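**Q** Letter by letter, the chains look like this.
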Amino acid sequence: MRRIDINLSSLKETRPHEYLLRFLFGGTCTVLAGLIAKRYGPGIGGLFLAFPAIFPASASLIEDHERKRKAEIGSDGRRRGRMAASLDSAGASLGCFGLLAFAAVLWKELTSHNAYLVISAAAVVWGLVSGALWLVRSNVRR
Amino acid sequence: MNDYLIRFIVGGTVVSIFAMLGDVLRPKSFAGLFGAAPSIALATLGLTIHQRGKAFASVETRSMIFGAIAFLAYSALVSWVLRRYRPPTLLATISLMPIWFIVSFALWLLVGRLA
Numbered sequence: 001m002r003r004i005d006i007n008l009s010s011l012k013e014t015r016p017h018e019y020l021l022r023f024l025f026g027g028t029c030t031v032l033a034g035l036i037a038k039r040y041g042p043g044i045g046g047l048f049l050a051f052p053a054i055f056p057a058s059a060s061l062i063e064d065h066e067r068k069r070k071a072e073i074g075s076d077g078r079r080r081g082r083m084a085a086s087l088d089s090a091g092a093s094l095g096c097f098g099l100l101a102f103a104a105v106l107w108k109e110l111t112s113h114n115a116y117l118v119i120s121a122a123a124v125v126w127g128l129v130s131g132a133l134w135l136v137r138s139n140v141r142r
Numbered sequence: 143m144n145d146y147l148i149r150f151i152v153g154g155t156v157v158s159i160f161a162m163l164g165d166v167l168r169p170k171s172f173a174g175l176f177g178a179a180p181s182i183a184l185a186t187l188g189l190t191i192h193q194r195g196k197a198f199a200s201v202e203t204r205s206m207i208f209g210a211i212a213f214l215a216y217s218a219l220v221s222w223v224l225r226r227y228r229p230p231t232l233l234a235t236i237s238l239m240p241i242w243f244i245v246s247f248a249l250w251l252l253v254g255r256l257a
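In the order they appear, the protein sequences are chains A and B.
In this text, residue positions in the first sequence follow our numbering: the first is 1, and each later residue adds one.
In this text, residue positions in the second sequence follow our numbering: the first is 143, and each later residue adds one.
The set of hints was computed from the structure by calculation and includes no laboratory data.
Just so you know, these numbers come straight off a predicted model, no measurement behind them.
Just so you know, even glycine gets a beta-carbon here, dropped at the ideal spot from N, CA and C.
Please note that the accuracy of each hint is not assured.
With beta-carbon atoms standing in for the labels, derived distance ranges [said to hold, decoys possible]:
1. A:Arg80 <-> B:Asp145: 39 to 49 Å
2. B:Ser237 <-> A:Lys68: 18 to 28 Å
3. B:Gln193 <-> A:Arg79: 46 to 56 Å
4. A:Ala71 <-> B:Asn144: 39 to 49 Å
5. A:Ala71 <-> B:Gln193: 45 to 55 Å
6. B:Gly195 <-> A:Asp76: 49 to 59 Å
7. B:Leu251 <-> A:Pro16: 18 to 28 Å
8. A:Leu8 <-> B:Gly188: 22 to 32 Å
9. B:Pro230 <-> A:Ala121: 37 to 47 Å
Let the hints inform the model, and build the full structure from the sequences given.
**A** As C-alpha cells, then:
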C-alpha cells in the first residue's frame with residue numbers, strides 16, 4: 001500500500017492571490033447553485049451541487065507548481081506537470097464515486113432522519129467510499 | 143441578501159479547506175479525491191434545509207447523483223486527455239467542461255424527470 005503523506009510546505013507554494021481566487025470561485029459557485037435552485041427548482045439546482053467548481057483552477061495549479069519545481073533545477077517540467085494533473089484528475093474520478101454515495105445517502109435518508117446527522121453520515125460515507133476505492137486501485141496497480 | 147452573503151462566505155471557506163487538503167496530501171492520486179469532495183453541497187444543504195425544508199433538499203440530492211456521474215465522466219476524460227495528448231491543463235479542463243453539462247442534463251432529462 002502506498003503511504004499517505006502530509007506535506008505542509010506545499011501550502012507555501014500557493015500564492016495569496018491563488019487562495020483568494022479559490023475562495024471567490026467557491027463562494028460564487030455556492031451562491032449560483034442557490035440561485036439556480038431558486039429560479040429553476042431543486043431538480044436542476046441539485047445538479048450544481050456536484051459541479052466541478054474549482055477543479056480547473058486546482059488542476060492547473062498542480063501543473064504550475066510541478067513545472068516551477070522542475071524549473072528550479074533547470075529542466076522543463078511541463079510534461080511532468082501535466083502528468084501530475086492527470087493523476088489528480090484520476091483521483092477526482094474515484095472521489096466522484098464517493099460523491100455519488102454521499103448524494104444517495106442524503107436522497108434516501110434525509111426526509112426520515114435528523115438532517116444534520118444524515119449530512120454527517122453522508123460525509124463519512126463519501127470518505128469511506130473514496131478512500132476504499134483509492135486503496136483498491138493503488139493495490140491493483142502495484 | 144444576507145442569505146447569499148452567508149452562502150458566499152461558507153461556500154468559499156468550505157471549498158478552500160478541501161482545496162488546501164488536496165494541496166498538502168501525497169500521493170497526488172489520493173489528493174485528487176478531494177477535488178471531488180462534496181464542498182458545495184456541505185456548504186449549502188444546511189441553509190437549504192433551514193429555509194425550504196427537507197423535501198426540497200432531498201430532490202436536490204437526487205439530482206446531485208446525476209451531477210456526480212457527470213463529474214466522473216468529465217474528470218476521467220480530463221485525466222485521459224492529459225495523459226494521452228498532454229495539452230495545457232487549463233485548456234483541457236475548461237474545453238472539456240461542456241461534458242459535465244451534457245451528461246448531467248441528459249441524465250436529468252432521461253431519468254430524473256421520469257420519477
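**Q** None of the hints should be skipped; say for each whether it holds.
**A** Status of each hint after checking the structure:
no.	hint	verdict
1	A:Arg80 <-> B:Asp145: 39 to 49 Å	holds, 44 Å
2	B:Ser237 <-> A:Lys68: 18 to 28 Å	holds, 24 Å
3	B:Gln193 <-> A:Arg79: 46 to 56 Å	holds, 49 Å
4	A:Ala71 <-> B:Asn144: 39 to 49 Å	holds, 46 Å
5	A:Ala71 <-> B:Gln193: 45 to 55 Å	holds, 49 Å
6	B:Gly195 <-> A:Asp76: 49 to 59 Å	holds, 55 Å
7	B:Leu251 <-> A:Pro16: 18 to 28 Å	violated, 42 Å
8	A:Leu8 <-> B:Gly188: 22 to 32 Å	holds, 30 Å
9	B:Pro230 <-> A:Ala121: 37 to 47 Å	holds, 40 Å
Checked against the numbered hints given earlier, this structure breaks only hint 7.
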